Structures are given as structure tokens and as C-alpha cells.
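If you read the sequences in order, they're chains A and B.
Counted from 1, the first sequence has number 120 at position 121 by numbering that gives the first Met the number 0; the numbering is strictly sequential.
Counted from 1, the second sequence has number 98 at position 99 by numbering that gives the first Met the number 0; the numbering is strictly sequential.
Source of the hints: derived by calculation from the structure; they are not laboratory data.
Predicted, not measured: the structure shown is a model, and the values here were computed from it.
There may be inaccurate statements among the hints.
What the hints assert, rightly or not - Covered stretches of chain B, as calculated for chain A (at least 3 residues, CB under 8 angstroms):
#, region
1, 75 to 87
2, 144 to 155
Unchecked claim - So, partial list: chain A residues that the calculated Cβ filter (under 10 angstroms) puts toward chain B:
#, residue
3, F118
4, V122
5, G167
6, T169
7, T281
8, E292
By construction, the Cβ of each residue, glycine as well, lies at the ideal position given by its N, Cα and C atoms.
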Amino acid sequence: MTYDASAEREGRPGARPAADPTFWGRLTGWGPYHVLMRIATASPRRQFAILAAFPILWVLTQHLGPMLQMLRVSLTDAYPVAPGVEQSFTLENYARFFGDSIFWMPFFRTLTFAAVFTFCTLVITYPVAYFLARHVSRRNQMLFLLLLLIPFWVGEIVRTYAIMILLGNTGAVNMVLRFFGLIDRPIPFMYTSFSMGVGIVYLTALYMLLPLYSALEKLPKSMNEAAADLGAGAWTRFRRISLPMTIEGISSGCTLVFLISTGFYATPILLGGPSTTVFAETIAGFFHVAGDEWPTGAAFATIMFAAALVITAAFQRLMNALRKGDRT
Amino acid sequence: MSKLIYNRRRFLGTAAATGAALASPAYLRRAMAQGSGEVNIWTYNDFVPESFKEQFESETGIKVNVRLVDDQGKQFNLLAAEQPNPTVDIMTVAGHRFLQFIDSELLAPLDTDRLSNWGNINPTFSESDWATINGNKWGAPILSGMEVLSYNTDYVTEEEALTWDTLFSEKYSGQTAYIIQDMMSIVMLMMGYDGNMVAYMDDPEKAAQIVEEAKQFLIEHKPLVRKYYDGGAEFQQMMVNQDIVLGHSWNGPAAALINDGFPLGMTIPREGSYGFVYTYNIANNAPNVDNAYTFLDAILASPEIGASMTKASGFISTYKGADQYLTELEKKSTSFPEEQLANLQFFRAEANDMKYSLLDPAVEAIKAA
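Based on the provided sequences and hints, a complete structural model is requested.
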């Protein structure tokens, strides 16, 4: 018997392929499987729903689920619930943040650091992305990108320790400065906002670089050439052509880096000092302390999450306005 | 030279651990008869000697799963979140934190009759007043530690290190580090108050005023400190990298550095300091209780095991006769002159609820300042 593909599509008898002894062969030759497949693929909409079901389920349970749980915990007065304790709902945990100014400093410090470090990352990575997209031959671009990706093959903690090796009192930077006789005593780079900034910029650079590279790569060379022919200098070409046309990349990169920066915990702990305490450390403090402090920690995490979203939304609106303004 | 010391130390450590393993086969054979399975332990780094673990596993067939912890509070929260069906059998609670765990029904009373080697623990630790609560023992003391002032002997003199004031002096500005929460108790002691706060249990206003004073002191001296840290490994790293030359630390991480040949000294300053005892405890509703008792009895079997724990962690062993298996350097790094020991008192738990309800916000305020 020969396999009749058109017969299978139409569901006519004799459509089944020749018996196959493997598991998949037996499965495809099994009647209920055929019925199930017919139901599942009856319409394009149903096919899409089935294909999307697992990813949606994943996002709901693994991403949205923990956030909703955090929100729920933030509205309770005790978690984990100790024996004999009755849990009830309260807004007290949120009131604690707004009622005690000692928590505001790390909160606003975090947002300020995140904004400053995002700007620094943009300023540092834009020229790299520009060079990569505009001056490296297409053949070598993947190689360069791969080289830039190498540090990301190892984890955040390992890369943070690499910064410590560089910036410590006996680290590489101080050793070189001493070798050339530029300093007598080591410069205390570590445990300052500088070392923390270096760490965060290093850790987030790729999240800025890739959207910028993507935007710059699409920029037609002819536009810059035409502008140059019309007498525009390098700065004018950058300001009037490259910058406005890569604003989407800037917007995406900044959003990613800002959101990631607000949540950094290990890097400020390892690289920061007594005056760089960020809000993530304050939040973690509530989870470390033995007792009913998890709800407060969850409430503070929710507040930071909401603040980061509001700032990001405002930033996106600004970027959209700039883009529209440029078009008119 | 330090490499030589390190290698010799490693060699002696391995030799002692091997000796310890060989010393306990009779016990382990008995344990094997109880069947196989696993035992899950939450403990600090180096508190379960690797060679003992391997020997125990091969002799009993019980797999030892160690999950490292670095903080009592985190351990409490983890266990509280898992109850009433915890994944842990044995955990490592500091003696002065017992009450909190017991009140929350997280620990099971220890049946010392099931531990034939209970008598190997120095009674100073096993029979102390803090060790018995509600008529029960709650843990097997394994290592003892204290809050000390550690200093790089190349830069700081022993005389300077005999007072906590040096930690807050302009001379060492930007070269010091401490754990804020622990330092709060010590600052209270420096000011002449009871850092355990037991004396103010009936006077919460006085307690609040003392914590406020200590908080203001640390805020005023914040510009002088290089780093607030959390764990012993961080302290060791800062010392080795010479980011700091002086700091408050636990004696264990400091002793480990001394044993590795680092030019470090430590003192119990004249204003006083606090000591604590780490104990192995059995979790309430532990899934492998029999294996947990088998493990506990095995690890208490001989002083060599206690010595190998001291060698690895730097904390002082609670086992009788453990010091005879230490080198001279190790003995030196885990002992203090009598006049300094006289300044030491143990942390107490009676006022913990009040103390930490005041201390935790104060710590946040210091960090935020």
C-alpha cells in the first residue's frame, strides 16, 4: 500500500501510513490521536491557541504568579504564618514606607543611581555600537558581537568579583598606577559609588548595546553621506540624523538598563560602601530578619516596582514625543 | 612562607581528619545497621568536615546533603516558610537565638539519650544555663565564637587594638569595617550599657533611649567606616586585599586567616565583647529524624572531628580534648589571654524580642543615613 497524503488531509480511508514499529509510528497510527489532531487543527485560531497555550501558561505561572503572590503577601500582617497566628489583610506595610523617612533615602538613592548609571551606560556604549554597526564590515560584525558577549557567559557574581580584582587596593588598577609611580598609596576605589557604578555599567552594557546596534545598523549610510554633501559637519550629522533615527534603540536600551539597575542587589552589596545602600538591600533586610517582616519587604518591593514602571512609562512618553517632534 | 604554612596546615588538617574518621568505625558500623537514606543539613561553610562527610556516607550509606547558610535570620525564615513539612533535618542555630526558634515551634527537643557521644561535649557548653529551655536540650554545641577586634599587625599595634575606640579613630579612617547589627550591641557595651538589654526588660523607654544613643554614635562615625559587611568571607577578603586594616569580626574567619599565615591579630577589647555558641539542632517534623541522630552521634564521636571543624572554620571547638589535635599556631589563633577572656560575656536571648524590635529599625536608619 502506498501512502496517500491527500487522502490523509481529507480524512479518507486508507490515509494512514504503513505500520511503523517505533513509538511515534504507533502514535500516528493510533485512532484517538487522529481524532484529537483533527479537533486541534480544525481552524487556524485553534492551532494558534494550542501553540500559545504553553508559553502563556509559563508566563502566568512563572512570571505573573510570583508577582501576584508578592502583592498578596504585601497586604497581609504575617508571613510565613507562625503556629497559632491568624493572618489578616492590612495596608500597614505600605503605610510604614510613607510614614518613616528613613526608607526614603535608599529609595530615592536607588532611582538616582539607576538614572545616572543608565545615562553613563548609554554614553559609553553608543560609540561602541556606532563603531560596530557603521565601521566594522558585515562579515566581522558577528565576530565582534561574539567577543562582546564573552563576559556574559559567566554569572553576575563572577563578573562582579572581576571588578573587585580590578579596583581593590591591591587590584590591577592600583598596581599599574603604583608601577608607573603615579601614586604612593592605593586609591580606595572599592566600596564607593564609583566602584558600584563601574560594576553596574559593566553588567548592563550589553542590554544597552544590542538595541543600539540594532537601531544603528538599520540607519542608511546614504543619509549621512547626503548630509555631508550638503555641508553638515560630524556633530550636526550625529545630532540631526543618527540620534533621532536611533531614538527607538536608545529608548529600549535605557528602559532595560534602568529597570535592571533598580533591582540590583548583589553588586551593590559587593561593590558598594556604607553610603551607597540601595533599596534592594533595604528590602532584603526585611527578608533576612527573623520574624514577621516578609509582608513589609513585599510591600516595599511592590512600591519600587510601581515606581520603576511609572518612571519608565514617563520616559517612554518623552521618547515618543521626541520622535514625533522630530518627524513634524 | 605563607604557602609553606598553608600546605603544612592542610596536611595536618587532612591527617587529623583521617585520624578522626579511623577512630570512629565501630560507631559507624552500628549506624549502618539502621539503614540508608539521607540527611539534610543547613549549616555554615566548613562546619561539616569534608573527610568526615565522605567517611560517614561510605560507612552508613546515608547521603549528607549540606545547604550553606550565612545568617540566623535567613535560616529562621527558610524554616518558617517550609513548616510543617521542612526539607531540613539538622540546622545550625546560635544558642542565643534558641528562644525565637522554639517559640515558633521550629525545633524539636533533643533526645540526648539517643546520643551516646553527648558526654564528649565540654559541660561548659552542654550544661550551660542557655542550653536548657523549658526543661529540654535543644541543640548539640559544636563550635564557639566571639566578637573580636581584628587588626593587620603590619599597620596596627596590639596596644591600639585593646580598645574599640581605635575602630572609630580618625587615624584609621576609611580602613575599617564591621557588621552593624553586631556592632550595635558592642557600642552599647562601650557606653557602659547592657548590650543584651536584659537589664532594661522592665524599662522599654530606657532601652529605646540606649538604642538611640548607639545609633547616633554609629551615624556620627559613619564617614570613618569603609564597609558594612555581612559575612566572614567578606571580612577575610577585605583584609587580604588590604582594603581594611582593622575591623570587628567573628573570631572564626580571623583565626582562619591567621592559620593561613596572614599577619592578623585579634583581641577582646577592654570595653568587653560577646560570645556565642553554634549548635546542631533537629528541626521540628524533620523528614529523616533517625538519620539526623545517627549523624549527630557520629560527628560528636571523637575530639579529632571537633579539631578538624576548628581547623576549617577557625571557631573554637566545644569537644573535650579537641585542642590536643591542633598545631601550636592553631591553638594560638583560637585562644585569648585570661585578662581578655574576663571581658567576654555570652549573648543572651531573654530580651531578644524587645532588643531586635529596636535594633532592626536602627540598623536601617544607620544604613540610610
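Interface hint compliance - T169 (chain A) to chain B, C-beta minimum distance less than 10 angstroms:
holds (5 angstroms)
For the hint on T281 (chain A), does the least C-beta distance to chain B fall short of 10 angstroms?
holds (6 angstroms)
Close enough to count: is the Cβ of G167 (chain A) nearer than 10 angstroms to one in chain B?
With a minimum Cβ separation of about 4 angstroms from chain B (threshold 10 angstroms), the hint on G167 (chain A) holds.
Given hint V122 (chain A) near chain B, where the shortest CB pair must fall under 10 angstroms
violated (29 angstroms)
Taking 8 angstroms as the C-beta cutoff, is the stated coverage of the region 75 to 87 of chain B by chain A satisfied by three or more residues?
holds (count 5)
Do three or more residues of the region 144 to 155 of chain B come closer than 8 angstroms to chain A, measuring C-beta to C-beta?
violated (count 0)
Restraint: F118 (chain A) near chain B, CB-CB cut 10 angstroms. Satisfied or not?
violated (24 angstroms)
Under 10 angstroms, Cβ to Cβ, is where E292 (chain A) needs to be relative to chain B, so tell me if that hint holds or is violated.
holds (8 angstroms)
Comparing the model with each numbered hint stated earlier shows that hints 2, 3 and 4 do not hold.
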